[in-house]
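> The residues making up each chain are set out below.
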Amino acid sequence: MNLLTIFHIELKKIRRTHIIWILLIPLILLWIPAILNADSNFSNAAGLSPEMNFFFQTFLGLSWFMYPASLVVITVMLNQLERSNQGMQKMLSLPVYAASLCLGKFLVLLLLAAFQMFMMAALYFPAAFIVSHSTGYDFVLPLSSVLYEALIIYISSIPMAAFYWLAAVCIQTSVFSVGIGLAAIVPSVLLINTKAWFAYPMCYPFHILSQFIGQPKADVFNLSVDLFPLLPVAIAVTLICLIVSCLCFGRAERR
Amino acid sequence: MILALEMKKTKRTGLIPAFLAGALAASAFPVLNIAFRTELFTSQDLPPVDILLQGNWDMLATFHSFLAILGACILYHTEFANRAIEKLYMLPVSQGKVFFCKNLLLLLLFLPVFLIEDGFLLFCARHWFPGKDPGLEILLQNTAFSIAAILPVLLLSTLIASLAKNMWVSLGIGVVCMFMGQMTVSYEAVFSKVYTFCLPYRCLLSSSAWEDIFPILGVCAAESVLLGAVKIFLLKIRRTPV
Amino acid sequence: MSNIIETHNLTKRYRDFTAVNKLNMHVKKGQVYGFLGPNGAGKSTTMKMFLGLTRPSSGSFQIKGRSYPKDRMKILRETGAFIESPAFYGNLTGEENLDIIRRILGLPKSSIKDALELTGLYEFRKRTAGKYSLGMKQRLGLAEALLGRPPLLILDEPTNGLDPAGIHEIRTLIRSLPQKYNCTVLVSSHLLSEIELMADDIGILNHGRLLFEGTLPELKEQAAQMGYPTDNLEDTFLAMIQEDNLKRGDKR
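Protein chains in written order, with our numbering: chain A, 1 to 255; chain B, 1 to 242; chain C, 1 to 252.
Isolated chain A (complex conformation) (with noise of 0.2 Å):
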């Protein structure tokens, strides 16, 4: 049974489960006050240019918490799935590998992310090209640079998504799961400017993306974060998750 047979299970398994417009909801509820709120992008105290502005500015606040959230929300509903009725009994009495089930829905959490993370640049252009309008200032941005910002972000939240997703496997009661998830977003605000932001997972988008807006314009697509030690222990952490999450995966369902 490979990994892609699997996922495409997993896929199926969330159908009917609205997890689509939970997603999508806060990106449309994210643009609109950032397009009625135009007029304060050309007045910005970072100075950045207005089109640069406006971009950042909504891209952080998903990234800050609207985006953490959406991964602990998305662990919660496939966990729930499974336990609502059984459902994780009948997978375990099935030939195949709980390891691998595991990471079948880890690959759709990841997908569910990538979902959301894609439609969020697909609404910047609308956004851009509205406000454009009604300013009479060129907002849009170009296409390769929007895009390659936001698979950067979504690149580097892996880690976290391992990390909610290992939280959301070992503890049993979801609220916990959930308690925890919520509350690790938060550190974040204090870490974000230590030294050693590499170390907590839940850093990364949102340190990298402040990377980008202190890049000169031109040059998006040299960005200049030290690899090292944030690629090592970015792949450390992701490993260690994943591999004892899918340890743990099905234990509660097999004592």
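Keep in mind that the hints are not guaranteed to be accurate.
[Said to hold, decoys possible] Simulated pairs of lysine to aspartate or glutamate, EDC-like, Cα-Cα distance not exceeding 20 Å:
1) LYS28(C) <-> ASP200(C)
2) LYS29(C) <-> GLU78(C)
3) LYS12(A) <-> GLU95(C)
4) LYS131(C) <-> GLU79(B)
5) LYS12(A) <-> ASP244(C)
6) LYS12(A) <-> ASP163(C)
7) LYS131(C) <-> GLU39(B)
8) LYS180(C) <-> GLU221(C)
9) LYS132(B) <-> GLU39(B)
10) LYS131(C) <-> GLU96(C)
11) LYS195(A) <-> GLU39(B)
Please keep in mind that the hints were generated in silico from the structure rather than gathered at the bench.
Assemble chains B and C onto chain A, guided by the hints.
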């Protein structure tokens, strides 16, 4: 009686540990914040309590909203998980009463949360601002104000949680609503003055005038009544639990 | 005739009580084996051990000569199971639920229709399982077990929650399965009258211990020897359980 039953239902759901942990995590924030950035805080020429509240209240309010949503999700998840709520509908008990008792329970749980935070804020004031008035009176006034401001948030969260059978839906909507509050709280628009999830971000400082506070309290009271009425109305028109 | 399931002193202990105690049971190939016992006798625990849903504390078992945990995957591939309450995804339709299992087992698409028709769910296949009635959920659980017509079926109280007509239908189905496609069925119940109508062999379990194993005539013979009432089998069963409970009480 129903309040006592509601208390009993929360056994082993993790509600009380969650609130305790939430209170401690929230309280740790101002301590860590001032420990990391002592200079930024101590250099300001304001009463210590104002510095501390201004510097940390946004984050504390975020924690409070989290707790409100989480608490509401726990309380209604126990009802939905094994279809206990269907049994509840078959018993001679008013659903409205159950709803308001759940809110009262959460409100009662928030009191120790606020007091624990006050304790930690007092500690910060004593430790980093020695010799100055720690402002206990203002803190207690702020606590009373916060309880009023959290009430509509609780009502809205429980209302959402009572309408969705699946916890991820109620949690998702709750988080989105909270996010809206966070996004718009700094705006000058009318919306951010009256939106339920913006209210916990307001706080009472030593410089606050009663003229500023009263309208906010009025908004809180009006929203609480409105949300309660919405729940009662929904109970009237909806015959099925889900 | 060879045994498809054999257990050797199979035991499951939880912290403070023993659910299954030194169980030695033998399920013959091509038979319907009725597993009988009051609630909490350890029937479900035994079946869960066969499926690897819980680990034996001591002892061992073999299914088709394969042992747990070494050949767990092979065992599961050839076993259809229905344990305790029906397991399903409430947001998916009956058909989609079966499709998930079909993919994992690598079966052809036609097997879904086959299982739905066997259990009489075909007309409700497009309805979400969350909206099924209790009986339909039970049938869905059975369909999940029958999917792909596995050589061994483990069914835990499959007629729970069905109406009299449904009970009759499912009993007839279970009775006919060994002839229809040459499989072995291990079916549990707490009603002897029900087992009597379905099973070739009977195992009676009480407080985790096997009180009797054999065919129906053998049960009658043994009961007569030991002075239990034999005109009504339900009484025989109750008397056996009661006697055993008394003995256990003496030990304490």
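> Any of the earlier hints contradicted here, and which numbers?
Hints 5, 6, 7, 8 contradicted; others consistent.
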